[in-house]
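J.: Following the hints, put chain G in place on chain W, whose structure we already have.
Now for the letters of each chain:
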Amino acid sequence: MTSIAEPVRASIVTPFRIGVAGVILGALSFWIALPPLHTRNLVAPALLAAAAAVAGGYAAWQGEVRAGWGAIVIGGLGVGLAYLATRSSVDNLEIAFTWSSLIAAMFVFATPLIYGSLGGIFSERSGIVNIGIEGMMLMGAFWGIWGADKTGSWITGVLIGMAAGGLIALVHAFFSIHLRADQIISGTAIYFLSLGITGYAFVQLYGDKNIPAGVSEIPRLQLRFLDHIPPDAVGDFLYGAFGRLSLMIWIGFLCVVIAHVAIFKTPLGLRLRACGEHPRAADTVGISVYGTRYFAVVLSGVLAAAGGAFLSVGVVSSFTEGQTGGRGFIALAAVIAGNWRPFGSLFFACLFGFCYSLALQLGNTYRDSVAGLDVLAGMLPYVITLIIVAGVIGKSYPPAAVGRPYTKQ
Amino acid sequence: MSEPGPPPVGSTAPPPPETGEPTTTAGRYQVMQKLGGVVPAVLTGILAFFMGGVVIAISGHNPIDAYRGILDGAGINWFWAHLGNTDVLDLSTFNFTQTLLRTTTFVFAGLAVAFAFRCGLFNIGGNGQYTMGVVVSVWVGAYWGNALPNGLHVVIGIVLGALAGALWAGIAGILKATVGAHEVITTIMLNWIAYYFASYCFGQGGPLQNTQPGREAAPISDDVLDTSHAIIPVFWGDEGFQALHYGFFLAIAALVVFWIVLNRTTLGYEVRAVGFNPDAAAYGGINVKKNYFLAMAISGMFAGLAAAIDIFGWKYRAGTLDIQATTVGYVGIAVALLGRSTAVGVGLAAFVFGALDYGTTRGLDPEVFDPTLAGNLSYMIQGMVVLFVGADILILYLWSLRRKRFASPRMAGRGV
Numbered sequence: 000m001t002s003i004a005e006p007v008r009a010s011i012v013t014p015f016r017i018g019v020a021g022v023i024l025g026a027l028s029f030w031i032a033l034p035p036l037h038t039r040n041l042v043a044p045a046l047l048a049a050a051a052a053v054a055g056g057y058a059a060w061q062g063e064v065r066a067g068w069g070a071i072v073i074g075g076l077g078v079g080l081a082y083l084a085t086r087s088s089v090d091n092l093e094i095a096f097t098w099s100s101l102i103a104a105m106f107v108f109a110t111p112l113i114y115g116s117l118g119g120i121f122s123e124r125s126g127i128v129n130i131g132i133e134g135m136m137l138m139g140a141f142w143g144i145w146g147a148d149k150t151g152s153w154i155t156g157v158l159i160g161m162a163a164g165g166l167i168a169l170v171h172a173f174f175s176i177h178l179r180a181d182q183i184i185s186g187t188a189i190y191f192l193s194l195g196i197t198g199y200a201f202v203q204l205y206g207d208k209n210i211p212a213g214v215s216e217i218p219r220l221q222l223r224f225l226d227h228i229p230p231d232a233v234g235d236f237l238y239g240a241f242g243r244l245s246l247m248i249w250i251g252f253l254c255v256v257i258a259h260v261a262i263f264k265t266p267l268g269l270r271l272r273a274c275g276e277h278p279r280a281a282d283t284v285g286i287s288v289y290g291t292r293y294f295a296v297v298l299s300g301v302l303a304a305a306g307g308a309f310l311s312v313g314v315v316s317s318f319t320e321g322q323t324g325g326r327g328f329i330a331l332a333a334v335i336a337g338n339w340r341p342f343g344s345l346f347f348a349c350l351f352g353f354c355y356s357l358a359l360q361l362g363n364t365y366r367d368s369v370a371g372l373d374v375l376a377g378m379l380p381y382v383i384t385l386i387i388v389a390g391v392i393g394k395s396y397p398p399a400a401v402g403r404p405y406t407k408q
Numbered sequence: 000m001s002e003p004g005p006p007p008v009g010s011t012a013p014p015p016p017e018t019g020e021p022t023t024t025a026g027r028y029q030v031m032q033k034l035g036g037v038v039p040a041v042l043t044g045i046l047a048f049f050m051g052g053v054v055i056a057i058s059g060h061n062p063i064d065a066y067r068g069i070l071d072g073a074g075i076n077w078f079w080a081h082l083g084n085t086d087v088l089d090l091s092t093f094n095f096t097q098t099l100l101r102t103t104t105f106v107f108a109g110l111a112v113a114f115a116f117r118c119g120l121f122n123i124g125g126n127g128q129y130t131m132g133v134v135v136s137v138w139v140g141a142y143w144g145n146a147l148p149n150g151l152h153v154v155i156g157i158v159l160g161a162l163a164g165a166l167w168a169g170i171a172g173i174l175k176a177t178v179g180a181h182e183v184i185t186t187i188m189l190n191w192i193a194y195y196f197a198s199y200c201f202g203q204g205g206p207l208q209n210t211q212p213g214r215e216a217a218p219i220s221d222d223v224l225d226t227s228h229a230i231i232p233v234f235w236g237d238e239g240f241q242a243l244h245y246g247f248f249l250a251i252a253a254l255v256v257f258w259i260v261l262n263r264t265t266l267g268y269e270v271r272a273v274g275f276n277p278d279a280a281a282y283g284g285i286n287v288k289k290n291y292f293l294a295m296a297i298s299g300m301f302a303g304l305a306a307a308i309d310i311f312g313w314k315y316r317a318g319t320l321d322i323q324a325t326t327v328g329y330v331g332i333a334v335a336l337l338g339r340s341t342a343v344g345v346g347l348a349a350f351v352f353g354a355l356d357y358g359t360t361r362g363l364d365p366e367v368f369d370p371t372l373a374g375n376l377s378y379m380i381q382g383m384v385v386l387f388v389g390a391d392i393l394i395l396y397l398w399s400l401r402r403k404r405f406a407s408p409r410m411a412g413r414g415v
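Residue numbers (numbering that gives the first Met the number 0), protein chains in the order written: chain W, 0 to 408; chain G, 0 to 415.
Read the hints as simulated data drawn from the structure, not as lab findings. There could be a bad hint or two in this list.
[Said to hold, decoys possible] These stretches of chain W come out as covered by chain G in the derived footprint (C-beta under 8 Å, 3 or more residues):
| # | region |
| --- | --- |
| 1 | 69-79 |
| 2 | 143-149 |
| 3 | 170-183 |
| 4 | 259-270 |
| 5 | 362-374 |
[To be verified] To give an idea of the interface, some chain W residues facing chain G are shown, with a C-beta separation under 10 Å as derived from the structure:
| # | residue |
| --- | --- |
| 6 | G206 |
| 7 | A240 |
| 8 | L244 |
| 9 | L246 |
| 10 | I335 |
[To be verified] Quick list of the computed label-pair ranges, beta carbon to beta carbon:
| # | chain 1 | residue 1 | chain 2 | residue 2 | range |
| --- | --- | --- | --- | --- | --- |
| 11 | G | D278 | W | S152 | 49 to 57 Å |
| 12 | W | S368 | G | H228 | 48 to 56 Å |
| 13 | G | N145 | W | V42 | 47 to 55 Å |
| 14 | W | F173 | G | D89 | 31 to 39 Å |
| 15 | G | D225 | W | K149 | 49 to 57 Å |
| 16 | G | A217 | W | A232 | 53 to 61 Å |
| 17 | G | V255 | W | D367 | 47 to 55 Å |
| 18 | G | A324 | W | I154 | 49 to 57 Å |
| 19 | W | S99 | G | L224 | 50 to 58 Å |
| 20 | G | D278 | W | G285 | 55 to 63 Å |
| 21 | W | W249 | G | T177 | 48 to 56 Å |
Every residue gets a Cβ at the ideal spot worked out from N, C-alpha and C, and that includes glycine.
Only chain W is shown next, with the shape it has when bound in the complex (with noise of 0.2 Å):
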């Protein structure tokens, strides 16, 4: 597909940018429809998407078949929605993409994701599946709001909910590593037993009452300078996006960053690699295999519980059984999808994360127009991470020994 004969050509104009060049004109087309451009009428929204399948054809003609089509359909999509848009009124509009608040929200809902994918990454990365990530989190969601109720503090609240987590992390350790279970389905087996643990722990301890009002909440991080930003719009969106984000969200953030160091820029990180991609090789240099797999899982129950703290102690103040609807999963499907690195996993979180959010205001916005809107939009989220994991595999590549149980020799 790329010719040896225009190798500098080939460098900077490739069909693939041209393919993501044509994803981003198709979300453009439906962007302009929304405040605050408001464009009303059809024509622009058109001749964007009709520019996106002109790149998409071209990136798909030339090879590149997921950028190509990816463009086409979101461009598709882009002037369909465009479409809807200026159907509904512009006070709705309004209301539904207050970009502040859904940017926001859109990190509320994206925290656990991040956590959890933190923690997929890490024991992936040492080379064990970790499909049981929902269930640490929900072990952390609940020990952890019992643990902020019973100690008064959220400090406590968080940190015995990701021993939970690490505790849960352990049984799947040893049984992928020691006794060299299937990771899949010794993963599962840990969702369904979190879902058993969390449940009948908050029926035995709580009986019919819910978690009672007043738990120790995770504190806001107030950035008021923000608001003093120039000019005033800039300022306000500035500071209804970030001024007031749950500490644990910025926690996130910096957890993705050390993350990154450490796996990439680190020995340790060199070491959990290559227990990863060829443990065999990593014996005979003298690592631990099982040491280094032990840790990882161990880690990422622990990561995987602090996103379900987040949710209980930090977003709702309370618990309710099968609390983290399948984020874990879908923690683990932005771990695919960001390639198994940090930083690319954060993106997809936020995605996802945005999906949430645009599927609540949406729902909220329109649930009196349209019947049962809100119910529907909550498909959302899993819908695009459906459609993102199916896009992107085969363009990823998980650590080569990931799933496979190792022997010592």
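T.: Chain G alone, transformed into the frame defined by chain W:
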């Protein structure tokens, strides 16, 4: 045109084996089966229930009482107290018919997981496939009027319900076959999509919500029974009170069909070959992708059948709360794993979990043990069954301690 790239790599699919060991769970299964036979399965079950008892004891209840309450709730005492009694006004007889009703559902749910398993696929999407089956069966059963003869109506409803499940699982099958998306992720996403779709259908203002006067506000569908009386006939009990219906025999027939298809047909041979080692199967000329798709679709068909037979057999309606409380697909995983994905095993495991399901919920006397606790207990027992089955090595190791220094028990049966 681009040069052919490397074959799509599944997100978590293991690379070709270095050592020649079976790469998939199904492969490991077949090896283990030769070793332990039925013993590890039974030990697995006992261990899981024992651990459940430990949990009950830790939380300050008497495990013996709790388990006796669950057994009585499931009507297992029918065997020694009322054997031969068919009068459903008797409590243990009624409870026993309820256990058999759940068994019927779980046979199909177990087969839905087992069939995919034998192809090396892990179908966690039973819940979503079941849910789509429920939506379609309710639609056919309660909203098609009564123009069709009742018998034909039921048959069409069951077929379409099964197809709905097959289509839903087929999406995951196609994604696995074409782009290599891991079926665990895709089926879970499909579960949630089905969940919201069904909640929308039966919910306030949804297309399948109640139209009967006075009940418009309930997020529940119309009754199959009211509109057309197109239901599966009952043979034990009264149709107004969740009676046992002829679908029970369909479940037994499904077990037989499952066995025949897997063991006596080309399709079954190919599915098992792919399940044992996809690379070897491909080398032998088997179309692995086709089999991935077919295995998923057939699995989904079983889940859809579970739904259709539930709707036409005894539920007659569905509501958003039913959809949200559905755990059929997850129980199916435990059933298939405990039953080793064999026909007989699935049948027996379905009975165990059928009893556990009814015995820990409706059948359980709240005075003896709190059903909300017991419901979560059955989750834990499922989890432990799955955990221990996944690590058959542990059970085998406990079972044959004499082979203590043997590096890997599963090597023994393979003659390496």
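J.: Have a go at the W/I335 hint: is there a Cβ in chain G nearer than 10 Å to its own Cβ?
T.: Holds - the Cβ of W/I335 comes within 10 Å of chain G, reaching about 4 Å at its closest.
J.: With respect to the beta-carbon atoms only, verify the hint that W/F173 and G/D89 lie 31 to 39 Å apart.
T.: Distance hint for W/F173, G/D89 is violated at roughly 47 Å.
J.: Against the range 47 to 55 Å, how does the distance between the Cβ atoms of G/N145 and W/V42 compare: consistent or not?
T.: For W/V42 against G/N145, whose Cβ atoms are near 52 Å apart, the range 47 to 55 Å holds.
J.: How about W/A240: closest beta carbon in chain G under 10 Å, or not?
T.: 27 Å, violated
J.: Should the hint that G/A324 and W/I154 are 49 to 57 Å apart at their CB atoms be regarded as holding?
T.: Given about 36 Å between the Cβ atoms, the range is violated.
J.: Okay, the region 170-183 of chain W and chain G, do three or more residues pass the C-beta test at under 8 Å?
T.: With 7 residues closer than 8 Å to chain G, the region 170-183 of chain W meets the three-residue bar; holds.
J.: A closest beta-carbon separation below 10 Å is what the hint needs, so does W/G206 meet it against chain G?
T.: With Cβ-Cβ at 9 Å, under 10 Å, it holds.
J.: Residue count check for the region 259-270 of chain W against chain G: does it reach three with CB-CB under 8 Å?
T.: That given contact is violated, which follows from only 0 residues of the region 259-270 of chain W lying within Cβ reach (below 8 Å) of chain G.
J.: Taking the least C-beta to C-beta distance, is W/L246 closer than 10 Å to chain G?
T.: 29 Å, violated
J.: Between G/A217 and W/A232, is the Cβ distance one that fits in 53 to 61 Å?
T.: Check failed, 47 Å falls outside 53 to 61 Å.
J.: Can you take a look at whether the region 362-374 of chain W is actually covered by chain G? Rule is 3+ residues, C-beta closer than 8 Å.
T.: holds (count 3)
J.: Take the region 143-149 of chain W, compare each residue's beta carbon with every beta carbon of chain G, and decide whether three or more fall closer than 8 Å.
T.: Coverage by chain G is violated for the region 143-149 of chain W (0 residues, Cβ < 8 Å).
Of the numbered hints listed earlier, those contradicted by the structure are 1, 2, 4, 7, 8, 9, 12, 14, 16, 18, 20, 21.
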